[in-house]
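Novice: Take a look at the letters that make up each chain.
Protein chains: 2
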Amino acid sequence: MNDRPYNYKLTIAYDGTHYCGWQVQPNGISIQEIIQAKASIITREHVIVIGSGRTDSGVHALGQVANFHTSSPLDTFRFQGSLNSLLPPDIRVLKTEEVADAFHAQYSPIGKIYHYLVHLGPVSDPFKRLYSYHLKEKIDINTLKAAASTLLGKHDFTSFANQAHLGSAARDAVRTLYRLDIVEEQGGVRLEFEGDGFLYKMVRNIVGTLLEISAGKYSKDELPMILASKDRKLAGQAAPPQGLFLVKVLYPEAI
Amino acid sequence: MNDRPYNYKLTIAYDGTHYCGWQVQPNGISIQEIIQAKASIITREHVIVIGSGRTDSGVHALGQVANFHTSSPLDTFRFQGSLNSLLPPDIRVLKTEEVADAFHAQYSPIGKIYHYLVHLGPVSDPFKRLYSYHLKEKIDINTLKAAASTLLGKHDFTSFANQAHLGSAARDAVRTLYRLDIVEEQGGVRLEFEGDGFLYKMVRNIVGTLLEISAGKYSKDELPMILASKDRKLAGQAAPPQGLFLVKVLYPEAI
Chain A
1 MNDRPYNYKL TIAYDGTHYC GWQVQPNGIS IQEIIQAKAS IITREHVIVI GSGRTDSGVH
61 ALGQVANFHT SSPLDTFRFQ GSLNSLLPPD IRVLKTEEVA DAFHAQYSPI GKIYHYLVHL
121 GPVSDPFKRL YSYHLKEKID INTLKAAAST LLGKHDFTSF ANQAHLGSAA RDAVRTLYRL
181 DIVEEQGGVR LEFEGDGFLY KMVRNIVGTL LEISAGKYSK DELPMILASK DRKLAGQAAP
241 PQGLFLVKVL YPEAI
Chain B
1 MNDRPYNYKL TIAYDGTHYC GWQVQPNGIS IQEIIQAKAS IITREHVIVI GSGRTDSGVH
61 ALGQVANFHT SSPLDTFRFQ GSLNSLLPPD IRVLKTEEVA DAFHAQYSPI GKIYHYLVHL
121 GPVSDPFKRL YSYHLKEKID INTLKAAAST LLGKHDFTSF ANQAHLGSAA RDAVRTLYRL
181 DIVEEQGGVR LEFEGDGFLY KMVRNIVGTL LEISAGKYSK DELPMILASK DRKLAGQAAP
241 PQGLFLVKVL YPEAI
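Chains A and B are the protein sequences, given in the same order. Our numbering applies: residue 1 is where the first sequence begins, and numbers increase by one. Our numbering applies: residue 1 is where the second sequence begins, and numbers increase by one.
There may be inaccurate statements among the hints.
What the hints assert, rightly or not - Taking lysine-lysine pairs in the PhoX-like style, the calculated list, with each CA pair at most 20 angstroms apart, reads:
#1 K95(A) <-> K248(A)
#2 K248(A) <-> K138(A)
#3 K154(A) <-> K220(A)
#4 K248(B) <-> K128(A)
#5 K138(B) <-> K220(B)
#6 K230(A) <-> K154(A)
#7 K136(B) <-> K217(B)
#8 K95(B) <-> K136(A)
#9 K217(A) <-> K136(A)
#10 K128(A) <-> K95(B)
#11 K136(B) <-> K95(A)
#12 K128(A) <-> K128(B)
#13 K95(A) <-> K128(B)
#14 K220(B) <-> K233(B)
#15 K248(A) <-> K217(B)
#16 K217(B) <-> K233(B)
Claimed, not checked - Residues from chain A that face chain B, not an exhaustive set, calculated with beta carbons under 7 angstroms:
#17 C20
#18 L120
#19 G121
What the hints assert, rightly or not - Residues of chain A clear of chain B, computed beta-carbon distances all greater than 10 angstroms:
#20 D15
#21 N84
#22 V123
#23 D172
#24 D181
#25 D231
If you're looking for bench data, these hints aren't it; they were derived computationally from the structure. In this text, a Cβ means the ideal position worked out from N, Cα and C, and glycines have one as well.
With the hints as constraints, model all of the structure from the sequences given.
Specialist: Below, the structure written as structure tokens:
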């Protein structure tokens with residue numbers, strides 16, 4: 001018999017600037033630990049908040065998803081109001097829903113959407129400095145689009161994954177990228193990623209590589225070789241964290 | 001003979017969150033003093049940077065204007081690059097121009113444009129928290145528009161000016177408001193002010209009053225009486241600083 005039969009799903013937005021990332025870390029304050037601490041105050045029991053995955057220091061979320069179990073049912077409207085009143089203003093719970101016991105924020109997702117914002121211009125923008133990557137150099141949008149399209153589909157993305165992800169065992173690094181749209185917007189460009197899952201630093205490593213290609217450092221025709229090599233050293237540098245937003249975590253309708 | 005015959009105009013954007021405002025203050029770091037200090041390093045003389053007017057702590061600028069005199073001519077492109085490399089990333093010089101000796105950032109303006117951003121929604125937004133005023137309550141946009149229109153034109157705005165402005169002598173408080181547009185945008189509303197000049201805290205006091213009217217606290221028909229009373233206590237509370245942006249300072253073409 002489950003002694004915590006009530007399962008709640010939280011949809012969370014946060015400005016990652018002042019945190020060491022989502023996940024509890026020995027050094028620095030994480031978003032996860034703050035939400036756990038505040039939710040524990042309200043529920044009067046030590047709750048464990050499970051996120052869909054980690055985000056790094058400086059990375060933002062418009063729709064991170066987490067869940068936690070409790071021994072007593074909650075009035076979700078009142079709970080969310082209480083939680084937001086205890087949380088710092090750079091973390092907000094947007095939605096609180098009771099979900100089936102089987103719902104697990106980390107294991108249940110069938111996909112994720114990330115956006116990466118690049119600000120293009122001769123002078124950086126004080127209002128975008130924490131929420132985009134600023135490039136003074138001109139980039140070739142058509143090359144960027146063409147290079148992005150070659151990464152679509154099912155690939156082993158080892159070349160775009162940092163070691164921390166692969167860990168001790170050689171975990172499966174095959175992922176499917178459903179969509180990688182290059183959207184031009186005022187003052188820059190937004191790279192929209194949708195896939196069934198992403199390896200550690202995969203989005204930032206892909207963005208860094210695509211920007212190097214669009215700046216003419218090498219050719220998009222090298223991308224198939226880079227994928228095939230399964231060698232992280234052949235791909236470009238990771239783009240910095242402040243341009244990255246976890247926009248949405250996708251779950252099957254059934255749970 | 002002027003020993004500093006070269007006069008330069010700077011157009012500056014800043015995120016006011018971490019400053020005590022534009023103007024040098026005994027307590028706290030001002031934007032003016034930082035720009036003065038960095039410009040003095042480059043010019044190797046103690047420069048005085050004159051702004052178009054002060055902005056309060058937490059108030060932002062997209063186009064603040066300042067000027068300073070130097071004894072030697074500057075390569076404006078190189079100067080701006082050096083200045084931006086010395087300034088913190090929340091302050092950026094967008095434009096540097098040599099101007100006529102008569103140009104004075106504070107005394108020459110013929111008008112100013114301010115925007116005030118209001119975020120409307122049940123939950124505040126981590127990404128707007130420092131750049132807008134969040135209201136949970138619904139407001140009546142048509143009432144807001146109608147109330148705004150009654151303030152257009154030439155009035156004595158004493159009722160909307162904080163005492164700090166009026167100071168020792170009874171300074172002329174007659175100003176002309178050319179435009180006060182209410183622009184609906186995703187997630188909120190933007191109040192756009194254009195006038196020949198603004199008294200201390202006038203924009204924030206007007207915004208606060210208009211929002212109280214649109215929330216139904218009192219009627220827009222009371223505004224003419226509030227203006228005529230020249231009594232600050234009759235108008236509403238100042239809206240908070242983080243929603244306010246100095247967008248543009250207007251100067252005559254001739255100087």
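Novice: Confirm or reject each hint.
Specialist: So, going through the hints one by one against the coordinates:
Restraint check for K95(A) and K248(A): the C-alpha separation of about 13 angstroms stays at or below 20 angstroms, so the hint holds. The suggested pairing of K248(A) with K138(A) is violated, with an alpha-carbon distance near 30 angstroms, which exceeds 20 angstroms. Proposed proximity of K154(A) and K220(A) is supported: the alpha carbons are some 18 angstroms apart, at most 20 angstroms. Between K248(B) and K128(A) the alpha-carbon distance is near 19 angstroms, which keeps this suggested pair within the 20 angstroms criterion.
For the suggested pair K138(B) and K220(B), the alpha carbons sit about 17 angstroms apart, so the restraint of at most 20 angstroms is met. This hinted pair checks out: K230(A) and K154(A) have alpha carbons roughly 14 angstroms apart, not beyond 20 angstroms. A hinted pair counts as satisfied when its Cα atoms are at most 20 angstroms apart, and K136(B) with K217(B) qualifies at roughly 15 angstroms. A hinted pair counts as satisfied when its Cα atoms are at most 20 angstroms apart, and K95(B) with K136(A) qualifies at roughly 15 angstroms.
Only pairs whose Cα atoms come within 20 angstroms are accepted, and K217(A) paired with K136(A) is accepted, the gap being roughly 15 angstroms. The suggested pairing of K128(A) with K95(B) holds, with an alpha-carbon distance near 18 angstroms, which does not exceed 20 angstroms. Proximity of K136(B) to K95(A) is assessed by CA-CA distance (about 15 angstroms); at most 20 angstroms being required, the pair is judged to hold. The suggested pairing of K128(A) with K128(B) holds, with an alpha-carbon distance near 12 angstroms, which does not exceed 20 angstroms.
At roughly 18 angstroms between alpha-carbon atoms, K95(A) and K128(B) fall within 20 angstroms of each other, so this suggested pair holds. Distance check on the hinted pair: K220(B) and K233(B) sit about 16 angstroms apart at the alpha-carbon level, within 20 angstroms; holds. The suggested pairing of K248(A) with K217(B) is violated, with an alpha-carbon distance near 39 angstroms, which exceeds 20 angstroms. About 15 angstroms separates the Cα atoms of K217(B) and K233(B), which keeps this hinted pair within 20 angstroms; it holds.
Interface hint at C20(A): violated, since its Cβ lies 16 angstroms from the closest Cβ of chain B, which is beyond the 7 angstroms cut-off. Residue-level restraint check for L120(A) is violated (minimum Cβ-Cβ distance to chain B is 15 angstroms; threshold 7 angstroms). Hint on G121(A) is violated. Least Cβ distance to chain B is approximately 10 angstroms, over the 7 angstroms limit. The Cβ of D15(A) sits about 4 angstroms from the closest Cβ of chain B, inside the 10 angstroms cut-off, so the non-interface label is violated.
Consistency note on N84(A): stated as away from chain B, yet its beta-carbon is not over 10 angstroms from all of that chain's, at 7 angstroms minimum. Against chain B, the non-interface label of V123(A) is violated: not every CB pair exceeds 10 angstroms, the least being about 5 angstroms. Distance check for D172(A) against chain B: the nearest CB is about 34 angstroms away, which clears 10 angstroms, and the non-interface claim stands. Residue placement check: D181(A) keeps its beta carbon more than 10 angstroms from all beta carbons of chain B (closest about 20 angstroms).
With a cut of 10 angstroms on Cβ distances, D231(A) stays outside the contact zone with chain B, its closest approach being about 35 angstroms.
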